[in-house]
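Peer 1: Residue numbers (our numbering), protein chains in the order written: chain G, 1 to 263; chain L, 264 to 333.
Everything labelled a hint here was simulated from the structure, so no lab data went into it. Accuracy of the hints is not assured; some may be wrong.
FRET-style restraints, in silico, Cβ to Cβ [unchecked claim]:
id, chain 1, residue 1, chain 2, residue 2, range
1, L, Pro-309, G, Asn-174, 41 to 49 Å
2, G, Ser-199, L, Gln-315, 55 to 63 Å
3, L, Glu-293, G, Pro-165, 17 to 25 Å
4, L, His-320, G, Ile-120, 16 to 24 Å
5, G, Lys-86, L, Pro-309, 19 to 27 Å
6, G, Gly-81, L, Pro-276, 20 to 28 Å
7, G, Ala-220, L, Leu-312, 53 to 61 Å
8, G, Ala-103, L, His-320, 31 to 39 Å
9, L, Thr-284, G, Glu-71, 37 to 45 Å
Subject to a maximum C-alpha distance of 16 Å in a straight line, what follows is the list of computed EDC-like cross-link-like pairs (lysine to aspartate or glutamate) [unchecked claim]:
id, chain 1, residue 1, chain 2, residue 2
10, L, Lys-282, L, Asp-306
11, G, Lys-149, G, Asp-133
12, L, Lys-269, L, Glu-325
13, L, Lys-269, L, Glu-319
14, G, Lys-222, G, Glu-87
15, L, Lys-269, L, Asp-287
16, G, Lys-93, G, Asp-119
17, G, Lys-29, G, Asp-223
18, G, Lys-86, L, Asp-287
19, G, Lys-93, L, Glu-325
20, G, Lys-93, L, Asp-306
21, G, Lys-93, L, Glu-302
22, G, Lys-86, G, Glu-128
23, G, Lys-86, G, Asp-119
24, G, Lys-86, L, Glu-293
Beta carbons: idealized from backbone N, C-alpha and C, even for Gly.
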Amino acid sequence: MRNLEQASPLVIAGKTYHSRLLVGTGKYKDHEETARAIALSGAEIVTVAVRRTNIGQSADEPNLLDVLPPEKYTILPNTAGCYNAKEAVRTCKLARELLDGHALVKLEVLGDQKTLYPDITETLIAAETLVNDGFDVMVYTSDDPIIAKRLEEMGCVAVMPLGAPIGSGLGIRNPYNIKMILENAQVPILVDAGVGTASDASIAMELGCDGVLMNTAIAAAKDPVRMAYAMKLAVESGREAWLAGRMPKKLYASASSPVDGLI
Amino acid sequence: MTQTIKISLNGEPFEIGPKRTLADLVQVLELSQERYAIEVNLDIIPRSLHSQHLLEHDDEVEIVQAIGGG
Numbered sequence: 001m002r003n004l005e006q007a008s009p010l011v012i013a014g015k016t017y018h019s020r021l022l023v024g025t026g027k028y029k030d031h032e033e034t035a036r037a038i039a040l041s042g043a044e045i046v047t048v049a050v051r052r053t054n055i056g057q058s059a060d061e062p063n064l065l066d067v068l069p070p071e072k073y074t075i076l077p078n079t080a081g082c083y084n085a086k087e088a089v090r091t092c093k094l095a096r097e098l099l100d101g102h103a104l105v106k107l108e109v110l111g112d113q114k115t116l117y118p119d120i121t122e123t124l125i126a127a128e129t130l131v132n133d134g135f136d137v138m139v140y141t142s143d144d145p146i147i148a149k150r151l152e153e154m155g156c157v158a159v160m161p162l163g164a165p166i167g168s169g170l171g172i173r174n175p176y177n178i179k180m181i182l183e184n185a186q187v188p189i190l191v192d193a194g195v196g197t198a199s200d201a202s203i204a205m206e207l208g209c210d211g212v213l214m215n216t217a218i219a220a221a222k223d224p225v226r227m228a229y230a231m232k233l234a235v236e237s238g239r240e241a242w243l244a245g246r247m248p249k250k251l252y253a254s255a256s257s258p259v260d261g262l263i
Numbered sequence: 264m265t266q267t268i269k270i271s272l273n274g275e276p277f278e279i280g281p282k283r284t285l286a287d288l289v290q291v292l293e294l295s296q297e298r299y300a301i302e303v304n305l306d307i308i309p310r311s312l313h314s315q316h317l318l319e320h321d322d323e324v325e326i327v328q329a330i331g332g333g
């Protein structure tokens, strides 16, 4: 069974990954909890935010990248908090300098603070600019199959539709749209945002998604370290179920035991 | 020539001088061990140029780093 999994690793921008769970690093109690949760999640790609350095604070305050060394993890800087294409592109350029020329970014251009829904118009503008500038763009978007395809055609290396609003934990609200996106896709499709618990992650993988990106579902659990492990198992079991191919659904029963030879 | 110049650093007023390259600023801020990126007046100044980039009066300097986020 492991051979099946290994026969189809996740490839993003030419790099192969064995874990299909991508995790964020926000909302944890401290760096130690972040590091422990991420280690147990098995994730190889971790997202970070880019923010102003706190001037005047203790210089020996540990840096997140000391806890999550880029030699060990693929660091995926995001553009969270950007509400237009210009801010998002600026943030990506700073991230590239910060990470010594690393080109992989998670583009998210948000529409408003209440829904954190993606602003698609600005996302398309930013994606085009970034792709032309040589970035490998993993793009957060709505679950609109037409937009997902357009982002792929523009050259994004992965398209990441939301399952539900960021941080809502509502699960995959429109599995049929995710299925439509998957049917037409030539690049990895990852559900980004909306996962609340392990079964949500499994559902995403059972639909055929190439991976799941989450932050709050782990960080806001009562025991984030244990939930990180639960998510690792959920993504793996959902993937195996997808590869196995589920039985067809039927309205009526079908006996599991032979009907012949009854006494 | 004045000994110090006034710049904006991450949105706050800041004085630096008489040494005023970006590398000097990084040293004053004790950031040299950190991973950071610097932008001056919206242009990213690559790390390799920090020791020769002279700051000017009213420059708007942004120094960023990676923090936790999803």
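Peer 1: Lys-86 (chain G) and Pro-309 (chain L), beta-carbon distance inside 19 to 27 Å?
Peer 2: holds, 21 Å
Peer 1: Run the distance test for Lys-93 (chain G) versus Asp-306 (chain L): straight-line Cα separation, threshold 16 Å.
Peer 2: Roughly 10 Å between the alpha carbons, so the hint for Lys-93 (chain G) and Asp-306 (chain L) holds.
Peer 1: Next pair to validate is Lys-29 (chain G) with Asp-223 (chain G); report whether the Cα-Cα distance is within 16 Å.
Peer 2: The given pair, whose Cα atoms are some 11 Å apart, holds under the 16 Å limit.
Peer 1: Starting from the hint 53 to 61 Å, judge whether the C-beta atoms of Ala-220 (chain G) and Leu-312 (chain L) obey it.
Peer 2: At roughly 42 Å between Cβ atoms, Leu-312 (chain L) and Ala-220 (chain G) fall outside 53 to 61 Å, so the hint is violated.
Peer 1: Has the given pair, Lys-269 (chain L) with Glu-319 (chain L), been kept, meaning a C-alpha gap of at most 16 Å?
Peer 2: holds, 8 Å
Peer 1: I want to verify a distance hint. Is the separation of the beta carbons of Glu-293 (chain L) and Pro-165 (chain G) within 17 to 25 Å?
Peer 2: violated, 40 Å
Peer 1: Falls inside 55 to 63 Å, the C-beta gap from Ser-199 (chain G) to Gln-315 (chain L)?
Peer 2: holds, 56 Å
Peer 1: Please verify whether Lys-93 (chain G) and Glu-302 (chain L) have alpha carbons no more than 16 Å apart.
Peer 2: holds, 10 Å
Peer 1: Regarding the pair Lys-86 (chain G) and Asp-287 (chain L), is the alpha-carbon distance no greater than 16 Å?
Peer 2: Distance of about 30 Å is beyond 16 Å: violated.
Peer 1: Need the status of pair Lys-86 (chain G), Glu-293 (chain L): alpha-carbon distance at most 16 Å?
Peer 2: violated, 30 Å
Peer 1: Taking 41 to 49 Å as the hint, is the beta-carbon distance of Pro-309 (chain L) and Asn-174 (chain G) inside that range?
Peer 2: The hint (41 to 49 Å, Cβ to Cβ) holds, given that Pro-309 (chain L) and Asn-174 (chain G) are roughly 44 Å apart.
Peer 1: Do the alpha carbons of Lys-269 (chain L) and Glu-325 (chain L) lie within 16 Å of each other, as the hint requires?
Peer 2: This hinted pair holds, its Cα atoms lying about 14 Å apart.
Going down the numbered hints, you'll see the structure goes against 3, 4, 7, 9, 10, 11, 14, 16, 18 and 24, while the others check out.
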